[in-house]
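Novice: The whole structure should be built from the sequences, with the hints applied where relevant.
Going line by line, the protein sequences match chains A and B.
Counting along the first sequence from 1, when you hit position 210 you're at 209 in numbering that gives the first Met the number 0, and nothing is skipped either side.
Counting along the second sequence from 1, when you hit position 184 you're at 183 in numbering that gives the first Met the number 0, and nothing is skipped either side.
Careful: at least some of the hints might be erroneous.
Stated by the list, open to error - No more than 27 Å apart at the CA atoms, straight line, and that leaves these computed lysine-lysine pairs for DSS-like:
hint, chain 1, residue 1, chain 2, residue 2
1, A, 88, A, 309
2, B, 73, A, 151
3, A, 151, B, 296
4, A, 309, A, 347
5, B, 73, B, 61
6, A, 153, B, 296
7, B, 195, A, 153
Everything labelled a hint here was simulated from the structure, so no lab data went into it.
From a predicted model like this one, the values you see are computed outputs, not experimental measurements.
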Amino acid sequence: MAEELPGTDVAAEAAGGDAYPAAGGPLLRIEGVAKAFGTFRAVDGVSLDIKAGEFFALLGPSGCGKTTLLRMLAGFEAPDEGRILLGGKDIAQALPHERPINMMFQNYALFPHLSVRDNIAFGLKRAGMARADIATRVAEMVALVKLEGLEKRKPDQLSGGQRQRVALARALARRPQLLLLDEPLAALDKKLRENTQGELMELQRRLGMTFIIVTHDQEEAMTMASRIGVMKSGKLAQVASPRELYEAPRSRWIAEFVGDINLFDGESKLRDGHRLVIGTRDAGALVVAEPREPVGAGRFSVAIRPEKVKLSRRAPASEAGRETAINTLDGVIADICYLGGTTTYKVKLDTGGMLQASVANSARIDVDAYSLNQHVVAWFTPDDCVVLPS
Amino acid sequence: MSSRRIFARPARFAAIAPYVWMGLFFLVPFAFVLKISLSQTAIAQPPYEPVFDLAAGWDALKAAFAALSIDNFKLLGSDDIYVFAYVRSLTVAVTATALLLLIGYPIAYGMARLPKRWQAVAMVLVIVPFWTSFLIRIYAWINILQHDGLLNQILLALHLVSQPVVWLSTDTAMYLGIVYSYLPFMILPLYATLAKMEPVLEEAASDLGAPPWQVFWLVTFPLSLPGVGAGVLLCFIPIVGEFVIPDLLAGSNSLMIGQTLWLEFFTNKDWPVASAAAIVLLVVLLVPLLLYERLQKRQLEQGR
Chain A
0 MAEELPGTDV AAEAAGGDAY PAAGGPLLRI EGVAKAFGTF RAVDGVSLDI
50 KAGEFFALLG PSGCGKTTLL RMLAGFEAPD EGRILLGGKD IAQALPHERP
100 INMMFQNYAL FPHLSVRDNI AFGLKRAGMA RADIATRVAE MVALVKLEGL
150 EKRKPDQLSG GQRQRVALAR ALARRPQLLL LDEPLAALDK KLRENTQGEL
200 MELQRRLGMT FIIVTHDQEE AMTMASRIGV MKSGKLAQVA SPRELYEAPR
250 SRWIAEFVGD INLFDGESKL RDGHRLVIGT RDAGALVVAE PREPVGAGRF
300 SVAIRPEKVK LSRRAPASEA GRETAINTLD GVIADICYLG GTTTYKVKLD
350 TGGMLQASVA NSARIDVDAY SLNQHVVAWF TPDDCVVLPS
Chain B
0 MSSRRIFARP ARFAAIAPYV WMGLFFLVPF AFVLKISLSQ TAIAQPPYEP
50 VFDLAAGWDA LKAAFAALSI DNFKLLGSDD IYVFAYVRSL TVAVTATALL
100 LLIGYPIAYG MARLPKRWQA VAMVLVIVPF WTSFLIRIYA WINILQHDGL
150 LNQILLALHL VSQPVVWLST DTAMYLGIVY SYLPFMILPL YATLAKMEPV
200 LEEAASDLGA PPWQVFWLVT FPLSLPGVGA GVLLCFIPIV GEFVIPDLLA
250 GSNSLMIGQT LWLEFFTNKD WPVASAAAIV LLVVLLVPLL LYERLQKRQL
300 EQGR
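Specialist: As structure tokens, this is what we get:
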């Protein structure tokens, strides 16, 4: 169990109900929620359970409905259909100020006429907390986000990173059962964003709170969340852990949306035990591991992540005692992209296709580096391939 | 390097232009009025003395200066008619401005929350009355409010009253006229600040547990204060000196300072007293202006 801060749970008291869900049940249950704007179905039948203490990310391209879904959780939009149960109670039609849920807004939405202290105290005052308790809680929050000494400043007098912290402190001050974060780091520069990601995760673990973050940045979602829901056109395309999402995407679209990937279209040719041979147009016949859910005959895509592809000057010698068939593809280096930690090579395959390989730069001296137009052999194991319906 | 070079000639002219304008069209006329207010009425052309005559020589000029006195200002303070006129003007202006704020704020707020294309339409609707002459619109009100006017006809037809109501020459009619005429001046600055305000701030307040009235009172209203200040000033100052509307719509038993000025100037032909009354009015109006400026400066110091 996470560390509990002293003091009463204002938000839960404000909700006037049982702060904790029935044992074992999810904290938040979204049931068949839909919302249309005119004829555009922004959210189209989403169902999702979120457990207490989870760090959940809603990931998707802009316009996929993730922000609308978040706004329905906060109460700024009412769903046309479906239920939103928080701790077993339907809050779908409750007004924002009646929900024990707080939100951290994308551009922070700090009150420009109030000081840092008054911004943080705003929600506590609305909950009718005693003055002395408010002062204690504000001091706690200020310390939590490391803003000591800036209490009297106005938002205009703060840097972007400091404003972000005030917004976080303000949203956390009421100890909401659920904290919603709408692209909380989008306005920060890269370095600060990475530091803040770590701090947010640390904070979430320490407070034991449930976070739902909306982001279009898949790296951010992968880094921070324990579970990710990928949204596309108002629907949840896949809900999985970051690893599962990356290594076992359910569709071609998800595979391409999350990280880089090589995709080869083809038809299944023959089955050999746990192996499947798929004939592709651009990369010839590829041996792949049979997916967990067995597939019949038909058209498939073979997906391989660039870092799973190895490059060598000669075909790898088949090791003794290893029966694994290895896919080897001959080609020529067509493009080199040096990224510091890794180098991405684009290999023009003799079979016609293009293959991306990402190689870790494990040595400072680049004796292993390949040069443009050099002939190479690219290879990968059947287990590194994912078979996706076309 | 010479720092003077920074100011090229056009830039320097642009910096001076406002002062030239102020000097020509405010300070010089003000000096004339001030001088007349210190003179005495006379049956002459112009109807006051002394008259500064630069051609008459140094001694004559010195004598003219010696003849100036502040008697007119003493008169203003000692005669009830002027004191009452000032008090009435301020009362009318405060009441009318409060009414304007109460009526204008909801309209401006509603406009600012309309979809973008409807905002333009609403804006035109607010401004359209300006395309008709102000006087004609006030006369139209006389027509509506008179004994057998439209208003009384409607009230009688609806059996809300059994006899025509006296509207004209009452304070009600005057307030109606003032609120009607000045409403756009209240709405436009309010609308400008409210439209600029991010609606997400109101969402944040409600997310943090504020019911709608608190959202308005703790976030929307404080953030619209610059607009409130501008609207109040734009209405209050001209209403204090208003002449036409009280003259045409209000009764004649208590006069506003604008009407008193007019009487002194054109009926009594007492230019010096009228000028003194005008100077006092100016000073009275400077007070709210200075207050507003200080308020704005404080807001700037606090960081916009």
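Novice: With reference to the structure, classify each hint as holding or not holding.
Specialist: Hint-by-hint comparison with the structure:
no.: 1; hint: A/88 x A/309; verdict: 53 Å, violated
no.: 2; hint: B/73 x A/151; verdict: 51 Å, violated
no.: 3; hint: A/151 x B/296; verdict: 19 Å, holds
no.: 4; hint: A/309 x A/347; verdict: 14 Å, holds
no.: 5; hint: B/73 x B/61; verdict: 24 Å, holds
no.: 6; hint: A/153 x B/296; verdict: 16 Å, holds
no.: 7; hint: B/195 x A/153; verdict: 19 Å, holds
When held up to the earlier numbered hints, the structure conflicts with 1 and 2 and fits the remainder.
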